[in-house]
Amino acid sequence: MGLKEKLHNFKEENKDKKWLPVFSAFHTFLYMPNDTTHRGTHIKAADDLKRTMNMVVLALIPALIFGMFNTGFQHYKAIGEAVDFLSWDSLSIGLIQVLPLVIVSYVVGLGVEFIFAIIKGHEVEEGYLVTGMLVPLIVPVDIPLWMLTVAVIFGVVIGKEVFGGTGMNILNPALTIRAFLFFSYPTWMSGDKVWVHGAVDRANEIIEGSNLDAISGETILGGLAQGNPVSHSISDMFFGFIPGSVGETSTFLILLAAIFLIYTKIGSWRIMVSAVLGALVMGLIFNGVIEAGILTEGSKFYALMSTEYWHHLLIGGLAFGIVFMATDPVTASQTNKGKWIYGFLIGFISIMIRVFNPAYPEGVMLAILLMNVFAPTIDHYVVQGNIKRRLKRNKVKKV
Amino acid sequence: MSKDIRIKKGLDIKLIGDAAQTTTELLVSGIYVIKPDNFHGIIPKIVAKVGAEVKAGDTLFYDKSDSRILFASPVSGKIEEIVRGERRKVLAIKILADSKQEHINFGTQKASEMSSEEVKAKLLSSGCWPFVKQRPYDVVANPNQAPKAIFISGYDSAPLAADCDYVLNGKEDLLQEALTALAKLTKGKVHVSISESSKKSPFTNLKDVEIHKLFGPHPIGNVSTQIGQIDPINKGEVVWVVNPQDLLVIGELFLSGKFNIKRTIALAGSQFAKPSYVTVYPGMTIKNIISDNLNNDDTRIISGNVLSGTQVSLEGNLGYYDNQITAIPEGNDYELFGWTKPVFNKISPTRSLTFSWLNKKKKYDLNTNTNGEHRAFVVTGFYEKVFPLDIYPMQLLKSCMYQDLDEMEALGMYEVAPEDFALTEFVCISKQPHQEIIRKGLDLMLKEIG
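Chains as they are written, first to last, in our numbering: chain A, 1 to 399; chain B, 1 to 450.
By construction, these hints were calculated from the structure, which means they are not laboratory data.
Beta carbons are placed, not taken as given, at the ideal position from N, Cα and C, and that holds for glycine.
Keep in mind that the hints are not guaranteed to be accurate.
The following residues of chain A were derived to be distant from chain B, with all beta-carbon distances above 12 Å [what the hints assert, rightly or not]: (1) Thr-37; (2) Val-157; (3) Ala-292; (4) Phe-301; (5) Ser-306.
In silico DMTMM-like pairs for lysine to aspartate or glutamate, Cα to Cα no more than 25 Å straight-line [as the list claims (entries may be wrong)]: (6) A/Lys-392 x B/Asp-297; (7) A/Lys-388 x B/Glu-335; (8) B/Lys-235 x B/Glu-436; (9) A/Lys-4 x B/Asp-390; (10) B/Lys-361 x B/Glu-53; (11) A/Lys-120 x B/Asp-18; (12) A/Lys-392 x B/Asp-18; (13) B/Lys-274 x B/Glu-315; (14) B/Lys-346 x B/Glu-384; (15) A/Lys-6 x B/Glu-335; (16) B/Lys-14 x B/Asp-406; (17) A/Lys-395 x B/Glu-407; (18) B/Lys-262 x B/Glu-53; (19) A/Lys-4 x B/Asp-297; (20) A/Lys-392 x B/Asp-390; (21) B/Lys-274 x B/Asp-298; (22) A/Lys-392 x B/Glu-407; (23) A/Lys-388 x B/Asp-406.
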């Protein structure tokens, strides 16, 4: 008797057990189930939710691997030691720092999912496969693991399960987790220390009296918000050799992922294109304000406002947010027209928050969460258009 | 004035096993089964008595809500059994067919010489009325309402469908008589649609109708698609729909006075050794129709097409409205890493390591595996690509699920039938039962609004 039959018999024997969803979660990863159609269409297309989610995870992997190298690279750069980007030195730091984040994110998040599946008696849903990969990529690399654990539990329970699980949530779970961290532990989520591995430890050592140089752990955005000039080249910013959250730095790899997601038809190109447009428009408006001389160099908004409009796409988490978070189908607008409006506003508001909130110069998280809340409203008005057309057709006939 | 109907949204599902254009005439034999459930929404009042002899056209039961709507025996023979289920609900009426068929004579009179009321009365009294179905709700038409138009789709675009041109070939006189009769029933027009690729459609030269040409993929052959483009249904309006093969029955009723529902059906699908056409009476036992034509036993037999048909066993029977039997492989096996490995032998709306987009002309041997588990609605934008009506499909489905009648009405529920949601159900990544959701929604509306 082969493995296939053994697992099948095990499933049949334990059909009425409460823990069966946990077994099924692993079983269905090994074997696609033997379920057949009964009513409705007798044949089904090849795609299911696992395959769909898997495509997004695949698209994230290059950013994850790049993030590992970059973690080590930025660390050595900050302490003044020169190592190659693609070196074992870089990668080893990355592995030690980033892998635990990935493991904690998946183990804790899936653990919560399993518990809810057992309590509520449904199958374990695939939504967390993507969330679990997104979370380690959008946090500072030195975040303490217990904080991440607390945040993941909060995000999955409050952000998703209380609404009914995958497909029912209003806010993007990964961003809910990040927002929780941001508002609960702001010193670990912003400022000029947290974005490079080792900077916080070094700062603490200095406070304790050790005679070492401080490590700068500042992002480009953080620097701009303080009015400091950008010290990185455009190509560094594009390819991602800059400090930042683990996976957000390489606009190049994110662009490749975007092309992959659009090509496979998994990601919505409407949202991506319109969000980029929105960001560019807002950036141009700010550039215009500077050119018109309304704000002068003395203003605290000057540095960010005068940043050339298209540079905004290369720095911070904007590109990552647009490609992987704004396109989350559950929390985005569901109508095609709505997607254009939703995406545009995300880009537009991201840059606005970025410029006007120097204490926390990253607007994409809040912009997406805000638009998550408004997505149903946008859809409502788009669908109303269809309803009105139908009513009008009826009236025209009656007259 | 005729109008071309063009759609871009949709999907032609190409399957192996098209029926070859040869027809075998099957002898009348064995048990014929009529299931009241084939006529959705009808509550049967049984007239037939076990042991009684009936002729083809004799009433078996009528509709409790309108006793004029009669349902007739397809064959002559002896009533063997009336099968009842829970709460004595009638599940099936079994008739053992005589070897020699006798038909009741309802009298011959040309439809062109009859009034609207006379035509209607004749259709009702002969048991032909159930062939007239209505939109909204996709049920047997209510004879008290006046339809604003009557629609006939002369082209079936569903996978492996019977070729209307072949099946109706040479029967123009019957079609013309039926269409003349139907034209009396409406103040509006009788619309007939044919495929643009049709070279010899029997409808081409008929009178009293408006012919439309169809361009585009499935569901171009669905009546809802055509109604939506020609004359959409508004609140309070009714249109009637008749299947082309049933026009032959109506035509024969007027020309020869007989109730003869013999029809040519397609046997199609990869599991048939010889996919071809046969002539049968509806209700015939499947075993007697397909006898030794099947390749192997692990087969899904469907009365109807793969998208909207009903699963039947060999002991089951051909559905009253169905004009094809499809046989495809069952898919009741596990597939190692089936959720992630590249897929070449299945159709997919995406390119997520699925490669059906490479060759649009390739024919597939799809089985009945669901290819994944049932989930809540997650992804968006795929339904719209295969749904040509000016309706938001997911929003309408959701309004049916939370049973908001006002919203269902506003979103276009009057314009749809379950079959219109077959393609969205096929591509659904969450494997939701769309057609069932819509059917329940329509039933709820019919009950609450009427």
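#### Entry: Proposed proximity, B/Glu-315 with B/Lys-274 (alpha carbon, max 25 Å)
With a Cα-Cα distance of about 20 Å, the restraint between B/Lys-274 and B/Glu-315 holds, given a limit of 25 Å.
Taking C-beta pairs only, is A/Ser-306 more than 12 Å away from all of chain B?
-> holds, 38 Å
Given the hinted pair A/Lys-392 and B/Asp-297, is their Cα-Cα distance within 25 Å? violated, 55 Å
Over 12 Å from every CB of chain B: does A/Thr-37 meet that, or does the non-interface label fail? violated, 5 Å
Next item on the list: Starting from B/Lys-262, check that the Cα of B/Glu-53 is at most 25 Å away, please.
Entry: holds, 20 Å
(request) Assess, step by step, whether the Cα of A/Lys-392 is no farther than 25 Å from the Cα of B/Glu-407, and give holds or violated. (result) Status holds; Cα separation ~16 Å.
Is the Cα-Cα distance between A/Lys-392 and B/Asp-18 25 Å or less? Not satisfied, since the Cα-Cα distance of roughly 44 Å exceeds 25 Å.
Holds or violated: A/Lys-392 and B/Asp-390, Cα atoms, limit 25 Å. Since the Cα atoms of A/Lys-392 and B/Asp-390 sit roughly 14 Å apart, the hinted pair holds (cutoff 25 Å).
* Restraint check for A/Lys-120 with B/Asp-18, where alpha carbons must lie at most 25 Å apart -> violated, 46 Å
* Asked: Within a Cα-Cα threshold of 25 Å, do A/Lys-4 and B/Asp-297 meet the stated pairing?
  -> Status holds; Cα separation ~22 Å.
Interface exclusion of A/Val-157 relative to chain B, criterion Cβ beyond 12 Å:
Since the minimum Cβ distance to chain B is about 17 Å, A/Val-157 lies beyond 12 Å and the statement holds.
(message) Just want to verify: A/Phe-301 was marked as not at the interface with chain B; is every Cβ pair farther apart than 12 Å?
(response) holds, 37 Å
Checked against the numbered hints above, the structure breaks hints 1, 6, 7, 9, 10, 11, 12, 16 and satisfies the rest.
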